[in-house]
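Visitor: Listed below, chain by chain, are the residues.
Protein chains: 4
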Amino acid sequence: MTFDWSALDNARVFDLAQPMRRGMPQSPNHPPFQMSLVRRHGDYIRDDGSSAANEVIVTGGHVGTHVDALAHVSHRGRLHGDVDAFSVMSHEGFARLGIDGFTPYVGRCVLLDVARLHGVETLPPGYGITAEDLAEAEKATGTTVRSGDAVLVGSGWSRLWDRHDDFVGARDGVPGPDESAATWLVRAGVRLAGGETIAFEQIKPGAGHALLPVHRMFLVDHGINIVETMRLTELLDAGVTELILVLAPLNIVGATGAPARPLAVVTDR
Amino acid sequence: MTFDWSALDNARVFDLAQPMRRGMPQSPNHPPFQMSLVRRHGDYIRDDGSSAANEVIVTGGHVGTHVDALAHVSHRGRLHGDVDAFSVMSHEGFARLGIDGFTPYVGRCVLLDVARLHGVETLPPGYGITAEDLAEAEKATGTTVRSGDAVLVGSGWSRLWDRHDDFVGARDGVPGPDESAATWLVRAGVRLAGGETIAFEQIKPGAGHALLPVHRMFLVDHGINIVETMRLTELLDAGVTELILVLAPLNIVGATGAPARPLAVVTDR
Amino acid sequence: MTFDWSALDNARVFDLAQPMRRGMPQSPNHPPFQMSLVRRHGDYIRDDGSSAANEVIVTGGHVGTHVDALAHVSHRGRLHGDVDAFSVMSHEGFARLGIDGFTPYVGRCVLLDVARLHGVETLPPGYGITAEDLAEAEKATGTTVRSGDAVLVGSGWSRLWDRHDDFVGARDGVPGPDESAATWLVRAGVRLAGGETIAFEQIKPGAGHALLPVHRMFLVDHGINIVETMRLTELLDAGVTELILVLAPLNIVGATGAPARPLAVVTDR
Amino acid sequence: MTFDWSALDNARVFDLAQPMRRGMPQSPNHPPFQMSLVRRHGDYIRDDGSSAANEVIVTGGHVGTHVDALAHVSHRGRLHGDVDAFSVMSHEGFARLGIDGFTPYVGRCVLLDVARLHGVETLPPGYGITAEDLAEAEKATGTTVRSGDAVLVGSGWSRLWDRHDDFVGARDGVPGPDESAATWLVRAGVRLAGGETIAFEQIKPGAGHALLPVHRMFLVDHGINIVETMRLTELLDAGVTELILVLAPLNIVGATGAPARPLAVVTDR
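Protein chains in written order, with this note's numbering: chain A, 1 to 269; chain B, 1 to 269; chain C, 1 to 269; chain D, 1 to 269.
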């Protein structure tokens, strides 16, 4: 009975989720986020003078900071592990490979800050992050990505959250990993990978989400979950490179993804 | 640079959230949970043969496992800290005391298993958990609740999750803390308290949610957040009494509550 | 330029829709109706002192008074006209046979009051309306059903609207046409048929919607639209037997059904 | 028993509603329209080989073709008839002056085609329709607006429905009645007035919905309902000036507006 609670005393906790509100940046492919109060105080008053307020929320599984389940993407009708996509989807969602199949992750995570590597606060729109970028960013951390780790790739893009159109990047594009970077992560044996943009992909100016090769490589070919629209601002500013990532998306049975509020626990030694 | 990753190797992680699906038990006062696939694989196929599926989700801030924000309840028009409820609520939700004001909790938590204390798997419907119950359950843990801790109160009710009508308890009631138990928790200086039922209250047979005294004491009088509809089954079965609770509800700006997927991290020593 | 506006002066207009509100009776197979104010007066005040309120609505195509599109039901994978169901449905709904393919109906309608025929206000739960019932009710009207007409079948069930559980009839069933009655309507060449219950079917006690033979006959085999959950109370009380039915469901592209507010225009001669 | 059904034989029915689909033009102040299939054919197959598909719909009361209830707008906290706005609104919507208080309209309607008056298909963006425009357009009809009539004002704007950004007019504005035109309609004693744009107002380039004087005059001061986003294309093309308008919005209890599918019945004499 001697758990060392002092370990937590020295820990800093970083909130890695963007705040969710109507009008926030999100993909036009997904239901627009809405939150509306249903009951307000005073609408119904109990005998003791108390009153309760509540709300209705409309959202999507890929809205705000979220985790992509393996069922999110198929290739030629097959999901990861050669599962027939059509045989597992119904009004109940996905009977296999949905977000309910994702075990909450509490484990080692390495943050590869590619923006810092390039000496910028934010990578340029449309920039393709390469394998070389990741390898050099890893060197800069002084540690190494191990098999089974989570890896977050820092682009600084979360700094643009309040600039809606720039963040979405329909015109100018969005930075993200190209296929070489994705291959590097696959070879490193990562359990999951995350970033700050709506889609963990290089989106070239005006190209939209026409092709999403990294999604296919990760979700279909290699069974690697993707975390998107993370808020890494504070973590990048603090120069953190190694952390405990706590990632537990809502357990929505059969969904292709779900909102999450990931935390970074950082212990200075 | 010598973080002791082996600490995590010995840790067990328990998922404390109930799975979310259409038809799950929830309060009739809140929007019924819905998840529906919008796009299915094959609806739109990209040039490379890949296809993405997604969903729309309708829910409430108090649906499934969730955290109550202080703004959830008012008394005579005042929120916690004597804030005028009417001046802070609008189409944007609550400008103060909403769930976005809740700092994610990563810290010590004591589980007081009242069901075990009474030698039952599940407390009877309508049972009122008393201060004495909590004091005795605390003794049984071999540790003490400290100021600033989270406390979970075990009733075993999450075992009834798949028995919809019993879980909701409209007819027979639901076990929960009475005012003496709430006072005990307040005096112990807890930061937050959680349980397995839809409302952290004693609900007598047929009484419904006519009065919610514990909500008023916690949310309005003392600024203590409440976690509801938790899944404690595995934690209770394992006899865990002391744990790290990671509680990070969705950061829905201005909401009176939000779904969460709390985790328990338990380290055996 | 001599339209006889006096014709309208003598017309009575009956509202044939049930009011829509949270908690109203509806099928558990469809999304529960919700309406919540988003903005209330005072939330945002314009420079001239004016303020606008609005709402969010969540509903289904088969909620409240509504029209079933032909795409609603398939048999062995085929829709009406031997259309392959799978080839016409996607994230955009149905490319064929959706409710957008229903031309608003303004035309002759005969009301067959089977409750009156049996000397009751409301047919018993689970009662099967037969071809004989319809033939006798037709005789009682003094007119005949013609090819292309709309036919409404009166059961008096809309009188139970405020008795939620009785109206839904999960336990005791709901009256409706059996297959002989459906055949009678098909042979009469009706363009569409409507009734007061959630499903235009005989629902036996405890049987639920396990089989819906009339839906299959009408929607799949014969291309006859169905109107459900109509409010016929006033029309039945007035003893109306012949009317102009104005039926224009919301034009929701690709939907399998849509809410409507049908009107009866009755001219006394 | 001699209703003259031949009257209907000579009638033409015009559909005055725009089709509703995801992405259609609507005001950014209201919940974005969504329709998604929940069950598709094959998801659940009944014993007889039949299967039913259905959908979930998310929308607002002022989305698509719709009617504004008097409760939609307040001025200095008062609704029409000096009703205190705050005393009648709650989680149930409006207890007074909601759309459920609107009696379905079946009656005389005059169409004043201002676009035709100006010799254009579509009035210019931001154009202010004046009292003079309405007076001249009325003369051109050869008839007069009578007290209690409905009046539709033709701008030709519904022709732009498929040009999303032009239709919404955020940049260039939208044509609509100025205050002189609204006064003209008030003096004519109209029961309701309708148009093709999202808001029945003159919206100047870049001005947005900063002020809505016609709404205030009609809804608050004079109790005149407004119909918006109507599809008048076919009616304008046909040169119709006098018609029977059938206007029956969904009866959503307590809502500030509701979608409708208005019809024009035109009888050639």
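For the record, the hints were derived by calculation from the structure and aren't laboratory data.
For each residue, glycine too, the CB sits at the ideal point set by N, CA and C.
One or more of the hints may lead you astray.
Unchecked claim - Computed Cβ-Cβ distance ranges for the label pairs, DEER-style:
| # | chain 1 | residue 1 | chain 2 | residue 2 | range |
| --- | --- | --- | --- | --- | --- |
| 1 | D | R171 | A | G42 | 47 to 53 Å |
| 2 | A | A170 | C | N10 | 54 to 60 Å |
| 3 | B | V186 | A | A238 | 32 to 38 Å |
| 4 | D | D172 | A | A170 | 39 to 45 Å |
| 5 | B | T103 | A | E121 | 23 to 29 Å |
| 6 | B | G142 | A | A170 | 28 to 34 Å |
| 7 | A | R163 | D | R163 | 52 to 58 Å |
| 8 | B | R76 | D | R163 | 52 to 58 Å |
| 9 | B | V186 | C | G206 | 46 to 52 Å |
| 10 | D | T267 | C | R78 | 36 to 42 Å |
| 11 | A | L211 | D | E234 | 47 to 53 Å |
| 12 | D | A95 | C | G208 | 54 to 60 Å |
| 13 | C | H209 | A | R187 | 38 to 44 Å |
| 14 | A | R78 | B | D165 | 36 to 42 Å |
What the hints assert, rightly or not - To give a feel for the contact side, a few chain B residues facing chain A, derived at Cβ under 7 Å:
| # | residue |
| --- | --- |
| 15 | R12 |
| 16 | R40 |
| 17 | I57 |
| 18 | T256 |
Visitor: Please verify that hint: R40 (chain B), Cβ, nearest Cβ of chain A, below 7 Å or not.
Guide: holds (5 Å)
Visitor: Between R76 (chain B) and R163 (chain D), does the beta-carbon spacing fit 52 to 58 Å?
Guide: Roughly 54 Å apart at Cβ, these two residues keep to the hinted range, so it holds.
Visitor: Under 7 Å, Cβ to Cβ, is where T256 (chain B) needs to be relative to chain A, so tell me if that hint holds or is violated.
Guide: holds (5 Å)
Visitor: Using the C-beta atoms of V186 (chain B) and A238 (chain A), is the stated range 32 to 38 Å upheld?
Guide: holds (36 Å)
Visitor: Between R171 (chain D) and G42 (chain A), is the Cβ distance one that fits in 47 to 53 Å?
Guide: violated (40 Å)
Visitor: A95 (chain D) and G208 (chain C), beta-carbon distance inside 54 to 60 Å?
Guide: Violated, since A95 (chain D) and G208 (chain C) (Cβ atoms, about 36 Å apart) do not stay within the stated range.
Visitor: Do the Cβ positions of T267 (chain D) and R78 (chain C) conform to the proposed distance bound of 36 to 42 Å?
Guide: holds (41 Å)
Visitor: Does 39 to 45 Å hold as the CB distance between D172 (chain D) and A170 (chain A), or does it fail?
Guide: At 20 Å between Cβs, range violated.
Visitor: Would you say the C-beta atoms of T103 (chain B) and E121 (chain A) sit inside 23 to 29 Å of each other?
Guide: holds (26 Å)
Visitor: Could you check if R12 (chain B) really has its C-beta closer than 7 Å to a C-beta on chain A?
Guide: violated (10 Å)
Visitor: Starting from the range 28 to 34 Å, see whether the pair G142 (chain B) and A170 (chain A) falls in it by beta-carbon distance.
Guide: violated (59 Å)
Visitor: Hint says 38 to 44 Å; check whether the CB-CB distance for H209 (chain C) and R187 (chain A) agrees.
Guide: violated (53 Å)
Comparing the model with each numbered hint stated earlier shows that hints 1, 4, 6, 7, 11, 12, 13, 15 do not hold.
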